[in-house]
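Asks: These are the residues of each chain, in order.
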Amino acid sequence: MEKPKDIVDKAIDVLAKADVPPGPPQELTDATVAKLTEASSSFQEEVKTIKITERIKMIKSLIKFAAAALILIGSGYAIGLLSAQKTPDIEQLYATLEPAIRKKVLEDIERYWQVALASNYAQLKDEFQQQYRRDLSQFAIETLAATNAVTNQRLEQLIESINTAQMQDRRWFTAAVEQIELNRLRDKTQLSNGLESLAVQTADELEQTKQDLVLLLSYTQPSRLVPNEFRNSNNTNERSKQ
Amino acid sequence: MQVIDWQVVVKKHGPMVWQTAYRLLANYTDTADCFQETFASALEFSRRQHVRNFSALLARLATARAIDRLRQRLQKSHTSTNLADWASVPGDNPEPVEELQVQELAANLRKALAQLPPQQAQVFCLRYLNDMSYRRIAKELGIKTNAAGVLLHRARAKLRYLLEKAAVIEERQV
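Top to bottom, those sequences are chains A and B.
Counting along the first sequence from 1, when you hit position 106 you're at 106 in our numbering, and nothing is skipped either side.
Counting along the second sequence from 1, when you hit position 119 you're at 1119 in our numbering, and nothing is skipped either side.
Next comes chain A alone, as it looks inside the complex:
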């Protein structure tokens, strides 16, 4: 028989298999990165400030050291001068002491710079790396902006040329329609004139035909039927029809 599962194991299973929405959302990621970058850079600024302060302190201590060395040398010189039985040759003493002092001070300065450079090497490397990244990002942003601007400009030009072409097409189309309309009106006028002429001619010819018929009838009818009477009888027939 299968052993019933421990309630803790069950709960762990449930929690481990719980539905988790895909994430994090992009806005949250961006906001977090921005905050972290900002906090990181401000911290670096603080560190930089501290380093500068330390450097100033080191320089101050060096100056103090140099001053103490000078005082010591000066006092030694003074003591020697005072305790000497005979007055020493100042020029000779100066010539003897100067190279030693100069050498000592130079050694101290050199040692200080070596220490300072060694301690700052890692920091300088980091700073250069960050500067390099910042420059790259800036360059990428500027390039992107420039590309966008050029693309927009090209698109605007394209839209403008399309609009111009459309306008030109529309003008041509309007001119063609106007021409067609003018042709239609002219044809209509000609047609109506022709029809009128035809109607007039037809009426004339009809009249002529009528007269010809009358004449023809006058030739074929008996002589007693004069054309006036025939005309009267025609009129009577017309009246009876009405």
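It should be emphasised that the hints constitute simulated quantities derived from the structure, not laboratory data.
Among the hints, erroneous ones may be present.
[Stated by the list, open to error] In silico negatives: residues of chain B with every beta carbon more than 12 Å from chain A:
1) 1069
2) 1074
3) 1138
[Claimed, not checked] Simulated restraints on C-beta separations:
4) B:1045 x A:20: 22 to 28 Å
5) A:138 x B:1015: 25 to 31 Å
6) A:145 x B:1054: 31 to 37 Å
7) B:1050 x A:78: 51 to 57 Å
8) A:166 x B:1015: 46 to 52 Å
9) B:1052 x A:124: 20 to 26 Å
10) A:134 x B:1054: 18 to 24 Å
11) B:1052 x A:74: 51 to 57 Å
12) A:20 x B:1050: 30 to 36 Å
13) A:137 x B:1015: 23 to 29 Å
For every residue, glycine included, the Cβ atom is placed at its ideal position computed from N, Cα and C.
Please arrange chain B on chain A, whose structure you already have, making use of the hints.
Replies: Frame of chain A, contents of chain B only:
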């Protein structure tokens, strides 16, 4: 000082932090806050010492921040876990009673975790939810491996007691 490209870190480990936090909190807003707090803590940590394993560090920090939030919830007596976001979406097994039981069990475990001592809760979550080895947990928390085992054992015992107690109370209510 260690130079860290946070964009890469967030991109690489963000989903893991999000999963860890959401699994414990089951609430979108709390998870988002926990996400930011985790990375802020990681930044603080990186200022103090060199980070070799961001994955483990972020898992530990996310778990710790999520447990802190659970404890705050418990203190404020916000006992009802807000499951409105995704838990309300029907799963593959749409049996309502079973679904409810599962949700209740998860909520009880979260509540119980909030009642554990923080280190015990952290060891428990790292072991069972993040699948970390005892050695890794011990290294991350700065304790001995044996101590991690003891903490885990105690956490399990206390969780069992709390979960059984919660189950009995729910049965009585039914």
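Asks: Which earlier hints can't be squared with this structure?
Replies: none
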